[in-house]
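We have chain A; now place chain E onto it with these hints.
Residue-level listing of the chains:
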Amino acid sequence: MSAVPVCALHRASVIRSGSVLLDEVDLELHAGEVLAVLGPNGAGKSTLLGVLAGDITADSGEVEFAGRPLSAWSLGELSRRRGVLLQDNRTAFPFTVQEVVEMGRAPWRRTAKADEDADAVAWALEIADVTHLAGRRVPSLSGGERARAAFARVIAGRTGAVFLDEPTAALDIGHQEALLTRARELALDGAAVLVVLHDLNLAAAYADRVMLLQHGAVAAVGTADEVLTAANVSSVYRTPVEVIPHPVSGRGIIVPLR
Amino acid sequence: MPGILAIALAIALLAALIVTTGVGQLNVPPMQVLGTLLEPLGIHGLPLPDLETAQRGLWSIRFPRAAMSAIVGAALAVAGLLMQAIFGNPLAEPGVVGVSSGAAVGAGVCIVFGINAFGEWTVPAFAFVAGLGVSLVVYGLSRAEGRTEVVTLVLTGIAVNAVAGAAIALLTFLGDTQSREQIVFWQLGSLAGSRWSQVLICVVLLAGGMIAAYAVAHRLDLLALGERSARHLGVHVERLRLFTIVVVALLVGSAVAFAGIIAFVGLVIPHLMRMILGPAHLPLITASALGGALLLTLADLGARTLVPMADMPLGILTSLVGGPFFFWMLRRTRRTSGGWA
Chain A
14 MSAVPVCALH RASVIRSGSV LLDEVDLELH AGEVLAVLGP NGAGKSTLLG VLAGDITADS
74 GEVEFAGRPL SAWSLGELSR RRGVLLQDNR TAFPFTVQEV VEMGRAPWRR TAKADEDADA
134 VAWALEIADV THLAGRRVPS LSGGERARAA FARVIAGRTG AVFLDEPTAA LDIGHQEALL
194 TRARELALDG AAVLVVLHDL NLAAAYADRV MLLQHGAVAA VGTADEVLTA ANVSSVYRTP
254 VEVIPHPVSG RGIIVPLR
Chain E
21 MPGILAIALA IALLAALIVT TGVGQLNVPP MQVLGTLLEP LGIHGLPLPD LETAQRGLWS
81 IRFPRAAMSA IVGAALAVAG LLMQAIFGNP LAEPGVVGVS SGAAVGAGVC IVFGINAFGE
141 WTVPAFAFVA GLGVSLVVYG LSRAEGRTEV VTLVLTGIAV NAVAGAAIAL LTFLGDTQSR
201 EQIVFWQLGS LAGSRWSQVL ICVVLLAGGM IAAYAVAHRL DLLALGERSA RHLGVHVERL
261 RLFTIVVVAL LVGSAVAFAG IIAFVGLVIP HLMRMILGPA HLPLITASAL GGALLLTLAD
321 LGARTLVPMA DMPLGILTSL VGGPFFFWML RRTRRTSGGW A
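Protein sequences appear in the order of chains A and E.
Per the numbering used here, the first sequence starts with residue 14, numbered consecutively.
Per the numbering used here, the second sequence starts with residue 21, numbered consecutively.
Label pairs and their computed distance ranges (CB to CB):
| # | chain 1 | residue 1 | chain 2 | residue 2 | range |
| --- | --- | --- | --- | --- | --- |
| 1 | E | L175 | A | R103 | 13 to 23 Å |
| 2 | A | A131 | E | I296 | 24 to 34 Å |
| 3 | A | S84 | E | A164 | 20 to 30 Å |
| 4 | E | R352 | A | I266 | 44 to 54 Å |
| 5 | A | A131 | E | M295 | 23 to 33 Å |
| 6 | E | A164 | A | N54 | 13 to 23 Å |
| 7 | A | S32 | E | L220 | 52 to 62 Å |
| 8 | E | G23 | A | T144 | 21 to 31 Å |
| 9 | E | I296 | A | A135 | 22 to 32 Å |
Coverage of chain A stretches by chain E, computed from C-beta distances (three or more under 8 Å per stretch; other residues unrestricted):
| # | stretch |
| --- | --- |
| 10 | 83–93 |
| 11 | 108–119 |
A few chain E residues facing chain A, derived, Cβ under 10 Å:
| # | residue |
| --- | --- |
| 12 | S249 |
| 13 | A250 |
| 14 | A300 |
None of these hints come from the bench; they were simulated from the model.
Please read all numbers here as calculations on a predicted model, not as lab measurements.
The beta carbon of each residue, even a glycine, is placed where N, CA and C say it ideally should be.
Just chain E, with the same shape it has in the complex:
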């Protein structure tokens, strides 16, 4: 079952990437997109777009953007899955608990103060550090005896989001017109203007994060028994949690640094995959990564095409769908666990 689902999702993702990159102000049929993609590999014979500029446009604008949407989607979904495992709560999600906005504050600081210490890596580095800080705070504040109650988690998220929101507002206030625009647009979440250099950074971080997630998958399963029982089975619970939090911050930081705040992907995708596959983490990591990639690829197509001649911020779209979904899950979790468990 996990194998079949993974293959199906992978095929759907490839198809979605090829089809969606062809759609836009200039439409390119899927076969021509494929031809353009395979040509540098020395595979000819497939049709190419008639216009030389279309080919160049695909390579410089649409391909990196599509790659970015898939990578960011995968990173956010895996980050959500990992968070849910360490909080022992299916409602934990980087956007909900405020890690995303925390990372956004870090990135905003870079933009407003024009910090450029590590080149292209500067914004992700700041986003990572701020996201990590917020993760640790949330982790410290919202747990009791190894579990996090829904109400504590949600209230902590409200508080953290409020503070981070104020910090972002302050940065917007301090910044000049250009950085203001940049912050506002990117606070809404968007993949517009993705570059290959950014894709490369995110690929590296996603690969690292996923390898780390696979390495701890079995131990994350044991955490579901509760902190003490996991310890009795030989898990260094604190060490595992801290390690996982660092991985979450890396994944969220890389996504937020280049795509802004895109909420709820980490909530919706792991939940859907868990409904299909059950809660064991090893197959869930693969399925969530692929599912998140597919979802954001399709969502970004919507963002690019729903409003004619305009690029709608992606974060608006995911929150419009994800917000009600979160509400539904909140009601359901309350009901099934008999109160505010």
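For reference, chain A alone in the conformation it holds in the complex:
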């Protein structure tokens, strides 16, 4: 792994109205990897993503982006280096999918790379499988279509880092696999991809490393095999699970004990 991580947290904590949302979290995200962040509801996954994106200021600890403190970056510089996909993809006005994806190019306005806008937008529409929806207005789309349009908007920025907050939540199984395959390809091209997921098996299949959060703290981090053990998952999610090997590949599949 390369020397300087794309982004890093050192003992970062977030405390809001007396409760600890993030508890001394250490994290390194490197170029070329997909890191999945997992954990039960309220474990601090979205808070973690908010801190990395600069929306939430950590109360203690350090947050770095490309070796510099996050606060030292201007919004404009950051917007050309990382893209963020949030869970809420509604638009306040009925923009078309095409227009929304073009908004993903806004950081490059009046830069040399503005020439790539049309290319990048067409590519992103294709990658997210929404080319056929380009002329549709966002409020008329289904939840899954809207999520894919938002994904297209984020990757249209062609940033070196991408943070995705539950990008697959509203998607059918085909588009879940497709989206995470695209995320992997972005990482293969050198991007650093952080993705918050709920589906443990999806994370195991597509992430290079996974991080398991519990009560705002890191319960475990490492490869899927190391982290997603029956013991870890059972204790963090307070639900007994077993990990059974896939009959062909031999990779672990996490199944609740029913």
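Relative to the frame of chain A, chain E by itself:
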């Protein structure tokens, strides 16, 4: 499409201005109006009104009034558009959320206490400051996570309008008979008695406001993605919102200072234009300005001529049409966004 619409609206506006200025107790045919208008530019050959007084009347009464109606209409429509962008809600409008009545309180203070510190600029200055104050209050009270829910916005508007209404009532109570009459009449909204000096002030403020609006148009588009996503794309959201609020207060302040409260123009026009052009702000600014100008020019013709021998307050007319329109939009917004979103 935006180009064609803008040209069509501009032509319609020019035609409306020329025709409407000819209509009144003394009717002047459009060609004579045009002749009177072009004569000072050294363009002769078009017919002129027979009476010298008709020419003078056009220049001193009808032209400034028509110019004022167009400018106020444009200012209110653009102000509405900007408000909707920063509130992320198509129902935001200076009249609905109480910015207009707030500005009216500021202007009323000037009238009742006879303040005249900045000459002709005094009333607009007070209207601006009060309107800005109210805008900031509404903004602070009605947002949650970068969006404003319909119910919060409307309830905030009710509260603000109630307080501002009470303040205006208090001013009416405190004022002498003359300022009372002035306040009441102007609370209803009217363009009667517009002067060139006022037109000049409003033109300057409208031009400034529109330049500012064009400058932020692209960033306003990004706000539709929500506060956080806009930030991720490099927009200084707070800075943009405050800047835009100041622009809204300027536009509303200038309109309210000289025309009183004319509600719903900022609601109806941007909505119609958005239905035709889609929600991108850059073309919407031009179209809304022209559409608002056209609407108020025609509405003022109605105000001048609907009741024979009387000048009906313009605000009554716009509210009679705009109120039901607002109600229809409220129902529709509720339905399309599934509840009180």
